[in-house]
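Now for the letters of each chain:
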Amino acid sequence: MKRLAAVVALLGLATTTAACSGGSTNTPGSGGGGGGGGGGLFTTIDVTRPGLEATAPANPYNPKGNSFVGYNAMRIAWVKNHLTDPNQATPGIAASWEIAPDNSSITLKLQPNAKWSDGQPVTADDVRMSIGIAYTQGSTAFSITPGAAGAAADVEVVDPQTLKITQDMANPSPKFARGVLDTTVLPAHVWSSVLPTDFWDKLKSARGEGGDAEKAREEVTALGEKVIAFAPPKDVSAGPFVLERVNPSEALLVKNKNFFNAANVAPAQVKFLNYTGNEQIWNYLTQGKLDQAGFTATPSDVMKRIEAASGNEVIRGYSPVAVGMAFNQSKKPYDNVHVRRGLAYLIDREQVTKVASPEGGTAAATTSGIHQKAAQAWIPETVPQLEPYKPDVAKAEEEFKKAGLAKKDGKWTLADGSAWKVSMHAPSGFSDWLAAQENIKSQLVTAGVDAEVVTTADYPLYLQELAAGKYDVGFWLMALGPAPYDIFQRLYGASNGWTNVGNKVSHSAAGKNGNWMGGSEEIEVGGEKVNPGELTGKLNSVGAEEAKPIMAQLALAANQDLPVIQLWDYVNTQFVNNNRFTGWPHDDELLRGGGNVLMSGVWIQQGLIKAKQ
Amino acid sequence: MSATLVPEAASASSTMRRNFWRGVWRVMRRKPSRMAGVLILIGFVLMAVVGPMLLPEHLPGDTNAITQPPSWEHWFGTDPQGRDVLSLVISGSRYVLLTAAVTALITVVVGTGIGLFSGFKRGRWDTVLMRVTDMKLTIPGLPLLLVLATVWQFGSPLQMGLVLGLLGWGGVARAVRSQTLSLRERGFIEAARGLGLSTTHIIGRELLPSMAPYIAMNMLISVTGAVYAQVGLFFLGVLPYESDNWGVMLNLAVFQAGAMITPSALGYLLAPLLAILLLTLGIVLVVDAMDEIFNPRLREE
Chain A
1 MKRLAAVVAL
11 LGLATTTAAC
21 SGGSTNTPGS
31 GGGGGGGGGG
41 LFTTIDVTRP
51 GLEATAPANP
61 YNPKGNSFVG
71 YNAMRIAWVK
81 NHLTDPNQAT
91 PGIAASWEIA
101 PDNSSITLKL
111 QPNAKWSDGQ
121 PVTADDVRMS
131 IGIAYTQGST
141 AFSITPGAAG
151 AAADVEVVDP
161 QTLKITQDMA
171 NPSPKFARGV
181 LDTTVLPAHV
191 WSSVLPTDFW
201 DKLKSARGEG
211 GDAEKAREEV
221 TALGEKVIAF
231 APPKDVSAGP
241 FVLERVNPSE
251 ALLVKNKNFF
261 NAANVAPAQV
271 KFLNYTGNEQ
281 IWNYLTQGKL
291 DQAGFTATPS
301 DVMKRIEAAS
311 GNEVIRGYSP
321 VAVGMAFNQS
331 KKPYDNVHVR
341 RGLAYLIDRE
351 QVTKVASPEG
361 GTAAATTSGI
371 HQKAAQAWIP
381 ETVPQLEPYK
391 PDVAKAEEEF
401 KKAGLAKKDG
411 KWTLADGSAW
421 KVSMHAPSGF
431 SDWLAAQENI
441 KSQLVTAGVD
451 AEVVTTADYP
461 LYLQELAAGK
471 YDVGFWLMAL
481 GPAPYDIFQR
491 LYGASNGWTN
501 VGNKVSHSAA
511 GKNGNWMGGS
521 EEIEVGGEKV
531 NPGELTGKLN
541 SVGAEEAKPI
551 MAQLALAANQ
561 DLPVIQLWDY
571 VNTQFVNNNR
581 FTGWPHDDEL
591 LRGGGNVLMS
601 GVWIQQGLIK
611 AKQ
Chain B
614 MSATLVPEAA
624 SASSTMRRNF
634 WRGVWRVMRR
644 KPSRMAGVLI
654 LIGFVLMAVV
664 GPMLLPEHLP
674 GDTNAITQPP
684 SWEHWFGTDP
694 QGRDVLSLVI
704 SGSRYVLLTA
714 AVTALITVVV
724 GTGIGLFSGF
734 KRGRWDTVLM
744 RVTDMKLTIP
754 GLPLLLVLAT
764 VWQFGSPLQM
774 GLVLGLLGWG
784 GVARAVRSQT
794 LSLRERGFIE
804 AARGLGLSTT
814 HIIGRELLPS
824 MAPYIAMNML
834 ISVTGAVYAQ
844 VGLFFLGVLP
854 YESDNWGVML
864 NLAVFQAGAM
874 ITPSALGYLL
884 APLLAILLLT
894 LGIVLVVDAM
904 DEIFNPRLRE
914 E
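Each protein sequence line maps, in turn, to chains A and B. So that you can map any letter, position 100 of the first sequence is 100 in the working numbering, and since no number is skipped, the others follow by simple counting. So that you can map any letter, position 48 of the second sequence is 661 in the working numbering, and since no number is skipped, the others follow by simple counting.
Hints are computed from structural coordinates only; laboratory data are not their basis. The model shown is predicted, which means the values in this text are computed figures rather than measured ones. Take the hints with a grain of salt, since some may be wrong.
Simulated restraints on C-beta separations [as the list claims (entries may be wrong)]:
(1) Arg744(B) with Gly211(A): 57 to 63 angstroms
(2) Gln772(B) with Asp416(A): 27 to 33 angstroms
(3) Gly404(A) with Val722(B): 49 to 55 angstroms
(4) Gly526(A) with Trp685(B): 39 to 45 angstroms
(5) Val764(B) with Glu53(A): 26 to 32 angstroms
(6) Gly51(A) with Val764(B): 43 to 49 angstroms
(7) Met666(B) with Ala419(A): 45 to 51 angstroms
(8) Pro388(A) with Ala678(B): 24 to 30 angstroms
(9) Ala419(A) with Arg744(B): 48 to 54 angstroms
(10) Met666(B) with Gly224(A): 56 to 62 angstroms
(11) Gln772(B) with Gly224(A): 41 to 47 angstroms
With the Cβ distance kept under 8 angstroms, some of the chain B side facing chain A (calculated, not the full set) [said to hold, decoys possible]:
(12) Val637
(13) Thr680
(14) Pro693
(15) Gly850
(16) Val851
(17) Tyr854
(18) Ser856
(19) Phe868
We put the CB at the ideal spot given by N, CA and C, even for glycine.
Between the sequences and the hints, there should be enough to build the whole structure, so can you do that?
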């Protein structure tokens, strides 16, 4: 869920449009002073969060905190953007780790020379306390929710450099190690006051059952608020940089001389420029101001200008996210699979992608519930069996007729003769989704299906109303890899009625417990009845090889049943400038990281980025 | 007696009316810009009434010509859906102008009604109504609209006009009240009272006509106010999306097409701006003409 939140936040941001303001106009030069020497000033933006807040604390859990993950906030390791393996990572605070073959535990070996910016060493106790703090925030591996899959059972400090974290094998998850590695490390000598002395005892009782456990869980969750509000007197960082100052237009970080790989960190200073909307990022980029910026939805003409600016380069990589047009099947006529298929034949996805996301997306090859690149890696034999739903008006009409719809005066009406209008919803800031829906509307209207686009004020409200079943059709992020369960739970998870608690999958009726998609509990795939939610639930506990046939079955199910029409698969576009720094990675696995991670910080701390001579 | 008086009065009023229109014509001719103003306003009204009838309900888009700069084929270029920007401005004008008209009507009717009643009656009613007006005037309009937009979706131009009108009558009410207070002490009103004419007659026939030019000018000015307010709200993206609304066009031009960065989207940004500018210009010119028509001192110069 954390990963999903991150993707959602990133995409939300990438498509945010907001009123723009002047912002910072400082020109980054190559001869920046201060810091610990090296290659000058590195200018970037925090693409995960618009709007700097000068008074916010250097707290990575604070939504507005001036903690930039990869720069002045460190994680145990940096999870990679691997196509299929969720547990691959590059070293962070942990220099190396060992995952037990059955995924039951992970043993971390910390960097021997890791120090905080105030000179104190980074120890296993710091990591243990950080895990405690992660529990208060309910992360994937450190969850106290009863029955949560892939949660840790024990955290043991073996020696000052070694920790062993054991998974609760009652309900294991193949991505347990990822959850552990993707945890922020905080200094115990600064943060320890946040957790009460009896915290670990409380945690133990929270993992139990009964009234005491419930009370303990409430206490741990309540600590979460305290963690979010905590303001360290000054930034103490184990990362390559430490926060120097923030004003409304920029945040300045200087090199942390105590960082374990400081010798290979090229920039002496890092500046994060403030922005409120994409338009401002485009502006910075066309002026060549930024050394790096993460994924930002960009129209083609603007992209051309960005590419034309001196030194700019656009690196394109794999992004395990797709967007689909999702149906509320409790609303008529979307309960009828033929209507959904008819719409799939009507909508030209190439055209939609061309209009809506020409630079940041590839038209979906078909609806499989999985990104086309990941599909080739996981289920290459199944891909050719999938119906491609190429635009075909005749087939669409055939499907509509099968569904009992009728065409009167060139317009399709419902079976009972009443008017049919495809009402599509999108949050108003998401310009690419809006452009897509506007294009779909025009395609549908041309084919005689009345359609409209309706906006909702913002993304949280959109998700809330979508979950409440207020919309007929809405856009939905899906295929959130790399873990197979994460990919398919977007189609056959809680939003479609299946909840997975304690490795037991149960189904709620449409309109209950967040089931807004309202699909049937059992669907027929190739003449065989399957329960897609149960299949998806299985993905949470099986290994990669066992997962493949299940994924093939689910891809076929999604392809025939069409709970969503997959529209485009996102492309991770990264913007870099070669005038001041070089050495940008082009490797897919390094171009994208865990939630809220600013990958440029990771590249810098690995010593990949070099100052241009 | 009344039998002889009536025809005389009728012929006198028809002569006055003739003189009035002759005066109007003279005033209009004196500055050609005033004629231009009238033509602009007529143009906009035609655009809003007839324009959308000439265009298809859903404007066709050409995905091979997305966000094109102005050309002979598309005078203001195309939008990010490949639709003609000029057609979008025309089909969007109905919502904008209808809202503006409703706003102006409500502003004037409510503002004048309250102002007249308050100024003529005076006393307790005046105190109560003016305090209400004061309170209304202290509420800042745009922030209130932003808050209202979160709870009320202004789906139709009538709703939008109603809200803007109900937010905008304060100034007119205050001004009309002060005019009424000053006029009601004048000799001709006293004479009318002395003649035993009814209150309805005094207000309808004596007071209102002397204030008509003032009210008419306020009405036109509130049209521009309503256009700015609604376009502003749509631009900020707080109102439901209507692809051909001028404010949405501005929003999409800046935030979707990147008009501040790429010149190809400039036409998309400029077209609705020009429409607003032209409409304002037309109103300013007509108000200038009205000022002279109704103001005897200016007429004599």
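So, going through the hints one by one against the coordinates:
The hinted window of 57 to 63 angstroms between Arg744(B) and Gly211(A) holds, with their beta carbons roughly 58 angstroms apart. Checked against the hint of 27 to 33 angstroms, the pair Gln772(B) and Asp416(A) passes, with Cβ atoms roughly 30 angstroms apart. Separation of Gly404(A) from Val722(B) is about 51 angstroms and conforms to the stated range, judged on CB atoms against 49 to 55 angstroms. The hinted range of 39 to 45 angstroms is not satisfied by Gly526(A) and Trp685(B), whose Cβ atoms lie roughly 56 angstroms apart.
One distance hint, 26 to 32 angstroms for the beta-carbon pair Val764(B) and Glu53(A), holds here, with the actual separation near 27 angstroms. Distance hint check for Gly51(A) and Val764(B): the Cβ-Cβ separation is about 25 angstroms, which falls outside the suggested range of 43 to 49 angstroms. Between Met666(B) and Ala419(A) the C-beta distance comes to about 22 angstroms, which lies outside the given range of 45 to 51 angstroms. For the pair Pro388(A) and Ala678(B), the beta carbons lie near 27 angstroms from each other, so the given range of 24 to 30 angstroms is met.
Distance hint check for Ala419(A) and Arg744(B): the Cβ-Cβ separation is about 50 angstroms, which falls inside the suggested range of 48 to 54 angstroms. Taking the beta carbon of each, Met666(B) and Gly224(A) are about 59 angstroms apart, inside 56 to 62 angstroms as hinted. Between Gln772(B) and Gly224(A) the beta carbon distance is about 42 angstroms. The supplied range of 41 to 47 angstroms therefore holds. The beta carbon of Val637(B) is not positioned within 8 angstroms of any beta carbon in chain A (closest approach about 44 angstroms), and the interface hint is therefore violated.
Because the smallest distance between the Cβ of Thr680(B) and any Cβ of chain A comes to about 6 angstroms, under 8 angstroms, the interface hint for this residue holds. Checking Pro693(B) against chain A: minimum C-beta separation of about 6 angstroms stays under 8 angstroms; hint holds. A cut of 8 angstroms between beta carbons decides the hint on Gly850(B): the least distance to chain A is about 5 angstroms, and the hint holds. Annotation: Val851(B) was flagged as interfacial toward chain A, and the flag holds, the nearest CB pair being 7 angstroms apart, inside 8 angstroms.
Checking Tyr854(B) against chain A: minimum C-beta separation of about 4 angstroms stays under 8 angstroms; hint holds. A distance limit of 8 angstroms between C-beta atoms decides the matter here; for Ser856(B) the minimum to chain A is near 6 angstroms, and the interface restraint holds. Checking Phe868(B) against chain A: minimum C-beta separation of about 3 angstroms stays under 8 angstroms; hint holds.
Hints 4, 6, 7, 12, counting from the list given before, are not met by this structure.
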